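Listed here are the chains, written in short residue letters.
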Amino acid sequence: MLFSMILSGCGSESVDTIKSDKNVKADAEQTKKEELKSEEKEIEKEPLEITFVSPLIGLPVWLDAKYGAEAAGEEFGANISWVGPDTIDINAQVQLVEAAIAQKVDGIISCPLNPTAFEPVYKKAQEAGIPIVNTAVDSKEDTRLAYIGTDEVNFGKKAAEALAKKMNGKANIAVIQTSLDSGNQNKEYESFKNTIEEKYPNMKIIVRETDESDMLKAVDKVNAILNSYPEVNAIWCLEAVGGPAAAKVIEEKNLVGKITILAIDDMEDTISYIKKGTIWGTMTQNFYKMGYEAVKMIVESKQGKEVPSISDSGTTLVTLENVETYKK
Amino acid sequence: MGDSIEVSNEPKNVEQKKTLILLNLLNKVLSIKEIGILLCLILIVLIIGISKPVFFSYDNIINILRSTSFIFIIGIAMTFVLIAGDLDLSVGPILALGGIISSLCVTSGIPLSISIILGVMVGVVIGVINGLLVVKCDIPALIVTLGTMYIGRGLVLIITKGAPIYPLPESFNVIGQGEILNIPNVVIISVIAAVIANIVLSKTRYGRAVYAVGGNKETARLSGINVNLVEVSVYILTGAASALSGIMMAGRLGSAQPSAGTGYELLVIAAVIIGGTSLFGGSGTIVGTAIGALLMSVISNGMVIMKISAYWQNLIVGIIIILAVGIDRYRRKRRGLV
Numbered sequence: 019m020l021f022s023m024i025l026s027g028c029g030s031e032s033v034d035t036i037k038s039d040k041n042v043k044a045d046a047e048q049t050k051k052e053e054l055k056s057e058e059k060e061i062e063k064e065p066l067e068i069t070f071v072s073p074l075i076g077l078p079v080w081l082d083a084k085y086g087a088e089a090a091g092e093e094f095g096a097n098i099s100w101v102g103p104d105t106i107d108i109n110a111q112v113q114l115v116e117a118a119i120a121q122k123v124d125g126i127i128s129c130p131l132n133p134t135a136f137e138p139v140y141k142k143a144q145e146a147g148i149p150i151v152n153t154a155v156d157s158k159e160d161t162r163l164a165y166i167g168t169d170e171v172n173f174g175k176k177a178a179e180a181l182a183k184k185m186n187g188k189a190n191i192a193v194i195q196t197s198l199d200s201g202n203q204n205k206e207y208e209s210f211k212n213t214i215e216e217k218y219p220n221m222k223i224i225v226r227e228t229d230e231s232d233m234l235k236a237v238d239k240v241n242a243i244l245n246s247y248p249e250v251n252a253i254w255c256l257e258a259v260g261g262p263a264a265a266k267v268i269e270e271k272n273l274v275g276k277i278t279i280l281a282i283d284d285m286e287d288t289i290s291y292i293k294k295g296t297i298w299g300t301m302t303q304n305f306y307k308m309g310y311e312a313v314k315m316i317v318e319s320k321q322g323k324e325v326p327s328i329s330d331s332g333t334t335l336v337t338l339e340n341v342e343t344y345k346k
Numbered sequence: 002m003g004d005s006i007e008v009s010n011e012p013k014n015v016e017q018k019k020t021l022i023l024l025n026l027l028n029k030v031l032s033i034k035e036i037g038i039l040l041c042l043i044l045i046v047l048i049i050g051i052s053k054p055v056f057f058s059y060d061n062i063i064n065i066l067r068s069t070s071f072i073f074i075i076g077i078a079m080t081f082v083l084i085a086g087d088l089d090l091s092v093g094p095i096l097a098l099g100g101i102i103s104s105l106c107v108t109s110g111i112p113l114s115i116s117i118i119l120g121v122m123v124g125v126v127i128g129v130i131n132g133l134l135v136v137k138c139d140i141p142a143l144i145v146t147l148g149t150m151y152i153g154r155g156l157v158l159i160i161t162k163g164a165p166i167y168p169l170p171e172s173f174n175v176i177g178q179g180e181i182l183n184i185p186n187v188v189i190i191s192v193i194a195a196v197i198a199n200i201v202l203s204k205t206r207y208g209r210a211v212y213a214v215g216g217n218k219e220t221a222r223l224s225g226i227n228v229n230l231v232e233v234s235v236y237i238l239t240g241a242a243s244a245l246s247g248i249m250m251a252g253r254l255g256s257a258q259p260s261a262g263t264g265y266e267l268l269v270i271a272a273v274i275i276g277g278t279s280l281f282g283g284s285g286t287i288v289g290t291a292i293g294a295l296l297m298s299v300i301s302n303g304m305v306i307m308k309i310s311a312y313w314q315n316l317i318v319g320i321i322i323i324l325a326v327g328i329d330r331y332r333r334k335r336r337g338l339v
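Chains as they are written, first to last, in the numbering used here: chain F, 19 to 346; chain P, 2 to 339.
What the hints contain is simulated information worked out from the structure, not anything from laboratory work. Quick caveat: nothing in here was measured; it's all calculated off a predicted structure. Heads up, the beta-carbon is just placed ideally off N, CA and C, and yes, glycines get one too. Take the hints with a grain of salt, since some may be wrong.
Computed Cβ-Cβ distance ranges for the label pairs, DEER-style [what the hints assert, rightly or not]:
id: 1; chain 1: F; residue 1: 107; chain 2: P; residue 2: 172; range: 35 to 41 Å
id: 2; chain 1: P; residue 1: 319; chain 2: F; residue 2: 107; range: 16 to 22 Å
id: 3; chain 1: P; residue 1: 324; chain 2: F; residue 2: 92; range: 55 to 61 Å
Just chain F, same shape as in the assembly (with noise of 0.2 Å):
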């Protein structure tokens, strides 16, 4: 109790002093105008403080969502913390949102891998008056503000349609997920899943299997899976490192063109590998937009502004077609 007392003390300081080294580095730089319009605001009212609680501060699309979020905190007036475990960890990522509610900031920003494992902190900060925007992964309407992602059902969807276009209607498909208690990627999982069934008889799901986001991990998986099943001929990735991964393995199997992969995410070796046709494509989700808007909403709010209880920021399948297009 004393201990974290202790904790608790350490982190406001340290956060002050953060703000306050901020607010001298941005004084200065200012020009006469813009000094002008934030000594207007500042006068006004102190800025926003905003907590992102980010599932995996390691992975890099999340830094695109980090950077949006920035962007907009710094177009609206908002200081962003940049918070978040190193690995998958449901339990720190609750132990942080209670942090931040615990430094009474104006808004949480968070992305509930388990929603029901968050509910309980949810309800705390709602007592609290605090508003929560979820990024990516949804939790129950009442829980929370408003959520900006990527519409899992539309996502599995368009993967489905996308990846029966490309095979004519026919493949043998092998899923690789992060783990099966990932619930975003359960749903996607569901909707690719009902969406073959409906309209697709000769696409069949052979083998779903997990890689913890581990990408050594995913490239044994991805080899045994080609050893076990040859009839295998698709390969759909729900988490970003497969795809890289069932590109390494596909070509020193000397299986590229015969087996296609639809990847997730747009990091630089998926692109790369795009590029050089092993992977034939990669639904990207924009992080960035979730950010962005999710400080823009949480700013809204407390301006008293009505804000959409859900928002889908949109999925764009990148090919070879439209690789050096697509971010513009």
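Please arrange chain P on chain F, whose structure you already have, making use of the hints.
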């Protein structure tokens, strides 16, 4: 008639002798420390291989050996650590750091060999810090290495901002992807490391000192062993081995991943313990660790090969590990090996 009895007696004697020799041999084989867990491994391999012959394909066996190597090379060093009665949880982040530092060096134009040495040196430095904190400050190894585990992961994130180092030059990737006579370099490197480690552990004064320190520190000190030096040295071994494994892994994947090695501390320690090394120090062998590491990889590969649903895999892995080690321990107790 007497003759005929003698005649029939002769072969009987020979047969008895033969069975006696066979029994003796069997007894000797059965009293080899690692035989219990080895038999479990063979049994599992046979069950998987007979039901799914693709398991025995050259390609699949090479895959298993290659994925074992990354764990095994750290396991070799971890065997020293556990025999000396210590513990090192910081191996996962050191693995990631080693891969990242080497990759950064090589992509910024530093020659390959120096980049590799610098990567390994990072592991050595963390090993020295671990060792000194344990022996000089008297902080439990569990806490020290838990701390450096977090520090290491922190450093990885500070350096990479979470983004993998990619692409890596072809010359670097050869470490992890190259082959000699169709055998991956990483397998060859880990086998060489194992042979050297086995000789050091069983034939040298240093090896005996490691056992002595793990057996009883006070007795070791009284018999003139520099206990502190031995303890620091084993942490240097795990540091260097983890970094090397990370470098090989980055080469294997053609990309240095910041999340590499997540959770490997438990995998490595499990492989060493399954192989019969005592968690309390004083006993253990490299051969045992090799079997333990192989067992883990075979099970995880076998799950996919046997087409077992992903929902059931963890449950089955847990049961197999407990069964295998349980049988091994029961046998050792009966033979008075524990």
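Hints the structure fails to honour: The structure conflicts with no hint, since it agrees with every one listed earlier.
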